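Student: Which chain is which? The protein sequence lines are A and B, in order. Number 22 in my numbering belongs to position 22 of the first sequence; there are no gaps in the numbering. Number 41 in my numbering belongs to position 41 of the second sequence; there are no gaps in the numbering.
Worth flagging that the hints you see were computed from the coordinates, not collected in a lab. Model, not experiment: these values are computed from the prediction. In this text, a Cβ means the ideal position worked out from N, Cα and C, and glycines have one as well. Just to be clear, a hint being listed does not mean it is correct.
[Said to hold, decoys possible] Simulated coverage check for chain A against chain B, where a stretch passes if three residues somewhere in it have a Cβ under 8 Å from a Cβ of chain B:
(1) 48-60
(2) 154-160
(3) 239-246
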Amino acid sequence: MATRFELVLQGSDPIALRSAGEEAIREINRIGSRFSFYDSKSELSRVNSQAWNRPISIAGDLFELLQLCSEIYRQSNGYFDPTIGPLMRLWNFGPDSNKLPTSNEIQDALGQTGWDHVELNDGDRTIRLLRKGVLLDLGGIAKGWALDEAAFLLLNAGVTAGLLHGGTSSIRAIGVLPEEHAWQIGIEDPYTDESTWFTSHSITDSALSVSAIAGKQITVDHIEYGHILDPKTGNAGSGPLVAVTSSPSAAVADAWSTAVLASGGQNHECNQSLSQLPDMQSMLYKKENSAWKNVLET
Amino acid sequence: MFRNRLSRRNFLKKSSFGTLSGVLASAERIPAESPSILTANPDDLMRCAVIGFGEWGREIAKAIHEIEETELSIICDLFPLILRRAQRDFPSTHRETDYTVVLADETIHAVFVATPTHLHKDIVIAALEAGKHVYCEAPIAHTIEDARAIAQAAKKAKGQIFQAGLLYRTEPQYRSVFGFIRSGALGKTAMVRSQWHYKDSWRRTSSSSQREQALNWRLDESLSLGLVGEVGIQQIDTCMWINGQLPSAVSGFGSVMYWQDGRSVPDTTQSLIEFPNGENMLFDATLVSGFDAMYDLYFGSDSTIILRDNKAWMFKEVDAPQLGWEVYARKDKFYKETGIALLANATKLDAIGTDPTADDPNAKAPIWHAIKAFADNYNYGPFDSVVNYQTAYEATVVAIKANEAVKTGSKITFLPEWFSIDG
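Chain A extracted, bound-state conformation (with noise of 0.2 Å):
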């Protein structure tokens, strides 16, 4: 997942921490390497080159994981859309980039994206991709799935208080340190060099993720394009907003941050969907006249 994941456990044996904090790492290593974009070995990558117009048996934890895109895809109208790859790999936000797409090349993407040339099958767990050129990219939620895998194995090795982070935009909290109610998230505004906070949340055996414009984007004519895309328009995000959602599950709270940021908060059904899920919270930050807030209405 080309990221930095990070684990704080507490506990009194430093040296079962220390190899229950091992096998979460591998497990995330793991996951990362069988669902990367990028790593041609990996089973997204078997998906993505083999699947065309042909059903593949997929492993079931994977099948799991393409289950809940589907249905955060129908819950938020399309603005969570793993089939998103040919769009990102069209944008390329890669460090040397600094040419926008033309409007014939995203409509060409866009011909390629949409969950709608997904099909799952329950009974043989497989997977077919209906249309040519249709790659999936699991980037927007498998950071957080790889965080609850690796909450699920802490647990049994009987941690009861820990924070792991991805890339410090998707947390996962496991119980409380002593003496503390929460643990205090912190969102820092990425647009003052400062490292200062602009809000703060707390979360307690629950995730938060955020995601932003600023941190991976091109820059053309001074104009930031971030990599949070928009799935029905094919065109990237701008401007200074960050998008916070909190739930029980690191990877739902991952999609839904993506969903939030890629609407920009203005789709009815994507709003109304958010605001009928138990345990979810959302915010939509936004910068006017150098004060945050939140302009997400659920």
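Fit chain B to the known structure of chain A by using the hints.
Tutor: Okay, now just chain B, sitting in the frame of chain A:
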């Protein structure tokens, strides 16, 4: 158990030799990842059971699941949490806690043994006696007696496939380099240097103390073959294979340099494996530093070859003769050296329209190739296995003695009778 089966395997055996030859010849030309026209009949699937669903058992199960000619039918493990993981990974696969039930299942053709090393013997022997084809992880045992018992049982089981998990003998890149070195590309071979570096405590934890004790067999001196035996066996076996000789002696050193948690199994080891032709191998392994991970270096008078991450590069000496193809080959920079990329199946990739100098989009993990070789043996064999009982036994003897040398800080000279499975 095969009596009533009209499968591709039986069909081929009952067909004319001409038909068989034609099938084999075309199978050679079909890239491994392409669906074979020969696998259309579900009856042809090799039905597999994996016994031991730890980290490595999981990788084996994944490869079985991906290979079209194999079906993952049963996963067997003692621990509920592990079986829950199996249920999630492979929901339609049957789960079992008792391996004797697996062996009694007549629909199972092949058993993959991925338990801790010291538990292999009883399972492998029982599986062979039950008429199963057996894939056993390497090292095959933690004592010479157990290894010998396994090898003897495999030898006795005529018509059944026994393959050990010495992965690089079936890995295409290593096989390609094997041919390259054997053809003299190194010039006069001088020595081999291999390393395995991984930052990890090697300790496992569980909320159940019984489970935790079982999981930490690698840290139990009486059960573990240590770093050189448990992981080094792969690279040492590769050297034995490429060198074409059994080693004559092994010296070892080892200490607990970092993981001071009461263990006695060294976290850092160095071994010198001597060969009769003087082409000795230096192998070091550590759990203290992950720097530079794992690689093998084969040094010669004309060139040196490095193998890492299933890739290989050749570094030429200035006085080495120029090879006809090298001007066309991809070159990669390594600090002040330039390596010529050695690509397995370059001709085949070129023929099917894939750029041979790019990363192979259909590249598979070494375990996939090992299991594919096993499945091919089931479908088109039996042939003498790529990693047969004799090879597996020899590599295990070297691993056991190499670990003994590390533990005692001494040099051990191999006696020829140690390599005899008849004792």
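Student: Each hint should be assessed against the structure and marked as holding or not.
Tutor: Results of checking the hints against the structure:
1. 48-60: The restraint on the stretch 48-60 of chain A holds, since 4 of its residues have a Cβ under 8 Å from chain B and three suffice.
2. 154-160: Since 3 is at least three, the answer is holds.
3. 239-246: violated (count 0)
In terms of the numbered hints stated before, the structure departs from hint 3 and from no other.
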